[in-house]
Amino acid sequence: MRSSSYPLMPVRGLGTVVVMALAAGFATAVPAAQAQPGDNKATPASPASPATAAAKPFMGWTSWSMQSSKYPGLNPNGDYSYLTEANVLKQTDAMAAKLKKYGYEYVNIDAGWWRNYAWTPEFDEYGRQKADPVRFPSGMKSVADHIHSKGLKAGIYLPVGLEKEAYGGGKVPIWKAEGCTTADIVYDDLRTTNGWDSAYKIDFSHPCAQKYIDSQAQMFAAWGYDFLKLDGVGPGSFKSGDNYNNVADVAAWQKAIAATGRPIHLELSWSLDIGHAADWKKYSHGWRIDTDVECYCNTLVSWENSVDDRWSDAPAWTRHAGPGGWNDLDSLDVGNGEMDGLTKAERQSYATLWAIAKSPLYTGDDLTRLDSYGLSLLTNREVLAVNQSGNAPAKPVTPSDPQQVWAAKNSDGTSTVALFNLADKPASVTADWSTLGFTGKAAVRDLWNHESLGSYKDKITQALPAHGSRLFTVTPRGDALTWTGIEAESSANTLSGNASVADCPACSDGHKVGNLYGGGKLTLNNVVVDKAGTYQIKVAYISGDARSVAVSANGGATSHAFPSTGDWSTVSSVHVPVALKAGSNTVTFDSGSGYAPDIDRIDVPKSS
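For this note's numbering, count along the sequence shown from 1 and bump the result up by 77.
Treat the hints with caution; some may be incorrect.
[Claimed, not checked] Label-pair ranges, simulated between beta-carbon atoms:
| hint | residue 1 | residue 2 | range |
| --- | --- | --- | --- |
| 1 | S577 | A504 | 35 to 43 Å |
| 2 | W560 | G150 | 16 to 24 Å |
| 3 | S226 | T635 | 55 to 63 Å |
| 4 | T611 | H527 | 26 to 34 Å |
| 5 | A336 | A195 | 33 to 41 Å |
| 6 | T507 | V605 | 33 to 41 Å |
| 7 | N526 | G574 | 29 to 37 Å |
| 8 | S226 | G246 | 39 to 47 Å |
| 9 | K486 | G246 | 52 to 60 Å |
| 10 | K332 | V605 | 22 to 30 Å |
Just so you know, the hints here were simulated from the structure itself, not pulled from any lab data.
All residues carry an ideal CB built from backbone N, CA and C; glycine is no exception.
Could you build the full structure based on these sequences and the hints that come with them?
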């Protein structure tokens with residue numbers, strides 16, 4: 078368990094050091110020589126709403142990965158001290174030289190730009206964050222100007238709520254809001270909010286509250302920032318309940334940004350509650366679905382401690398991503414070799430998942446010392462095209478077992494197909510064309526290696542190293558499959574133990590079989606095929622959390638992990654291999670001693 082950026086204090090959870098922190102953003106107070114917001118107007122532009130902006134996942138760089146690492150030399154002045162004007166400008170120049178032509182454009186300053194090395198904050202006379210003069214001696218506008226001079230975009234970061242240190246006994250005036258003070262914008266009991274309880278919850282029933290958010294947005298727009306990461310947002314950030322419901326804050330930020338007249342991308346963090354996905358989509362351009370990818374160790378990340386959980390956590394969110402807003406898997410740290418803390422196979426798998434999931438691609442690596450392999454991963458145009466295509470994200474077409482296949486159908490009739498071996502030892506992984514909806518031949522192109530592999534009949538199998546992957550474009554040359562559907566709740570089936578039929582508006586026939594726990598079983602009888610063989614049966618199911626179930630055909634059960642569908646009202650599907658004999662078969666879903674997903678139906682391909 079790890080927090081997002083914005084260090085307040087180290088916290089320990091589940092054996093992992095959690096560092097309280099804020100991530101992704103640029104902002105700072107204007108030095109005396111700089112014009113104040115409102116005096117120096119932002120460049121006029123048409124407001125970009127979530128519906129019209131973020132047509133593709135954004136690409137760029139963020140400071141947090143290096144800020145949070147214990148890697149020797151990165152933070153010489155204490156924890157999180159990497160963040161300085163000099164380092165940001167150095168990374169800006171490196172991005173312009175190495176990555177800009179591939180689509181990378183955002184330079185995102187993370188938590189700490191308004192705090193000194195002891196983490197003491199700076200605020201202006203209106204309770205707004207002000208650049209620390211040691212970290213950013215030229216001020217934040219100057220930094221944004223330099224970023225823009227390179228043809229790039231500048232990003233800034235804030236925690237949600239009114240920071241406690243900005244309250245000033247409730248007497249601090251709000252910029253251009255006569256009669257309003259900080260006492261007017263928070264609750265009388267000074268209840269706290271955000272993932273670290275580092276701020277007072279803002280009371281948006283008072284009109285002064287919106288004025289405060291407006292003042293911050295106007296400041297960022299006047300400085301020329303193009304991106305804001307709002308961090309510690311709930312429900313999420315490991316917090317729930319009324320105090321941590323920041324939907325009103327996010328709505329206020331969207332309104333404030335629109336009022337500036339400057340397009341500013343609004344990104345939310347971290348581990349957002351999927352139950353509020355509609356709110357995040359309505360008011361923002363992207364949302365972190367998980368905790369920090371950084372390991373808070375002596376590298377930037379590590380496979381077991383911070384990267385591998387994304388394969389389990391991403392599937393539930395897939396349906397929520399698309400033009401206007403994207404699921405954010407966090408930083409892509411694959412460019413620095415030893416400092417990343419990963420094998421080459423792991424670095425490729427990490428980049429593959431981020432690409433097919435349509436996550437924003439922003440690296441936290443040191444761009445001044447990318448190794449040749451890392452540079453090849455970050456600049457592979459065929460893989461970047463998958464991420465930037467605007468097509469739907471890939472999702473698992475097989476269970477969340479150690480060997481997995483993910484796929485997405487593209488608008489041109491092809492499929493993007495990724496094979497993953499998440500096991501700790503080498504293994505073969507097979508993508509069966511029936512899981513893509515067709516049978517026969519298909520042309521296969523290897524995207525990482527820029528190589529056309531020729532035609533494959535019915536499937537492709539690859540031997541992969543531990544934590545390895547392959548990424549293909551598959552072009553069907555065969556025929557669409559036809560299927561035989563069998564409803565789980567059919568009276569011809571057999572229910573055992575606690576298993577029972579329940580209503581299910583989202584299910585194909587309005588019902589499902591649930592209560593599969595403590596030995597509960599569903600047996601589908603009379604599953605008929607023309608010839609013997611291994612069939613990839615498609616299982617439609619509902620599961621608000623990831624659950625396992627043993628699947629057997631005529632005996633011989635194999636346990637499979639089904640990824641969460643996000644809630645108990647959404648149906649998803651995966652394909653499970655079963656060996657069927659010619660004629661009639663039984664297929665059983667057995668919960669064993671645990672809890673299994675609810676089953677809607679199965680579909681059996683009419684040819685093996």
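Verification of the hints:
1. S577 to A504: 35 to 43 Å: Between S577 and A504, where Cβ atoms are some 38 Å apart, the hint holds.
2. W560 to G150: 16 to 24 Å: Given about 58 Å between the Cβ atoms, the range is violated.
3. S226 to T635: 55 to 63 Å: Because 59 Å falls inside the window, the suggested range holds.
4. T611 to H527: 26 to 34 Å: holds (33 Å)
5. A336 to A195: 33 to 41 Å: holds (35 Å)
6. T507 to V605: 33 to 41 Å: violated (25 Å)
7. N526 to G574: 29 to 37 Å: Taking Cβ atoms as reference, N526 and G574 lie about 50 Å apart, which means the hint is violated.
8. S226 to G246: 39 to 47 Å: holds (41 Å)
9. K486 to G246: 52 to 60 Å: holds (59 Å)
10. K332 to V605: 22 to 30 Å: violated (59 Å)
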